[in-house]
Amino acid sequence: MTGEILQEIEDLHWNLGLLQNLEVGLVVVDRDSYICMWNGFMENHSGISASKAVNQNLFSLYPELPALWLKKKIEAVLLLNNTAYISWEQRPYLFPFKSNRPITGSAFYMYQNVTLLPLSSPSGQVDHIGILIYDVTDNAINQQKLEDANQQLQSLSRTDGLTGLYNRAYWQECLEKEFDRFARLQETSSVIMFDIDHFKKVNDTYGHQAGDLVIQTIAQTLQQYVRKTDITGRYGGEEYGAILVGTSGANALVFAERLRAAIEATVMPYGEHKLAVTISLGVSEISFTQASALEWLEQADQALYKSKQNGRNRVTLFDNEG
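Under the working numbering, the letters of the sequence shown match residues 11 to 332, in that order.
Please keep in mind that the hints were generated in silico from the structure rather than gathered at the bench.
Be aware that a few hints might be false.
The calculated label-pair distances, taken between Cβ atoms and stated as ranges, are [as the list claims (entries may be wrong)]:
# : residue 1 : residue 2 : range
1 : A86       : D148      : 43 to 49 Å
2 : G174      : A86       : 15 to 21 Å
3 : G171      : Y119      : 34 to 40 Å
4 : H208      : Q100      : 56 to 62 Å
5 : P102      : S133      : 34 to 40 Å
6 : G171      : Q100      : 52 to 58 Å
7 : Q230      : V34       : 49 to 55 Å
8 : Y235      : E305      : 39 to 45 Å
The model shown is predicted, which means the values in this text are computed figures rather than measured ones.
C-beta: ideal position from N, C-alpha, C; glycine also.
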């Protein structure tokens, strides 16, 4: 009997030593959230020794904790006798521990995964909760970097390199989505197509770098006039498109006229020269008479063609009646 007791005591000391030296935080609290165990990981990262932590109320000791939220989690674990998990994606951290990589790492706080374990007494009653804190900072930072890289690649695949506007493929995809949205919600929108008048003359006279400057300047002016909800793109060469979400044809006509006037008044210094250009625009309001997004776009293009026929540097609203 004495040998068995000694073995149990030895096993207990071994287990306690293991728990103390785990590279995982371990806090054991009772039903009233008083701390029964505070291992070495918690001591090292909190700066609070186990002797000061044990018998203290967890939320009094650490007022930075999200008390209401965490208490509900603990109550659910006690009531259901089920383990609960908290990932860093849901909540970056539970305990506001500083990251142990302050120089090489990009995280100020330690990202944490948390497990809440119901701990049963010998009688089978759940009287305590074990809170396990895992440092997942490296994994979180790597995942965020991967997501950032993927977003940058996605952005590059959608963006025109010269102007920063959406490229033709993605802009047309947005046009399709807006056409589908109209079919569901019947919320009006308008599309504007425009291009630079006599652009070839700019390239032939001043060179392609001057032409690029003009294309960029017009794109910047367009971006200054649209709202965040509007969708702008470089359709190709010197042609642009803008989807004005929630905008009637009449209001789109007003917008297009303001844009036309702004570009006509813009002077672009280029070496010893001062460049000035005009644009021609066509506007089409979405309607049930259009069979597809392509037809909607073609109507704006037809209106643009009429602007050119009528002398350029003007805006035309597509008219179903001719």
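ask   = G171 and Q100, beta-carbon distance inside 52 to 58 Å?
value = For G171 and Q100 the Cβ distance comes to about 38 Å; the hint is violated.
request  = Could you see if the CB distance from G174 to A86 stays within 15 to 21 Å?
outcome  = 49 Å, violated
query = Does the Cβ distance between A86 and D148 fall inside 43 to 49 Å?
reply = 30 Å, violated
message = Within 49 to 55 Å: is that where the Cβ-Cβ distance between Q230 and V34 falls?
response = Since Q230 and V34 have Cβ atoms about 53 Å apart, the given range 49 to 55 Å holds.
request  = Take a look at whether the Cβ-Cβ distance between Y235 and E305 falls inside 39 to 45 Å.
outcome  = Violated, at about 26 Å.
key: Hint check for Y119 and G171 - Cβ pair distance inside 34 to 40 Å   = Taking Cβ atoms as reference, G171 and Y119 lie about 37 Å apart, which means the hint holds.
inquiry  = I want to verify a distance hint. Is the separation of the beta carbons of H208 and Q100 within 56 to 62 Å?
reply    = 58 Å, holds
request  = Using the Cβ atoms, figure out if P102 sits within 34 to 40 Å of S133.
outcome  = 38 Å, holds
In summary, the numbered hints that this structure violates are 1, 2, 6, 8.
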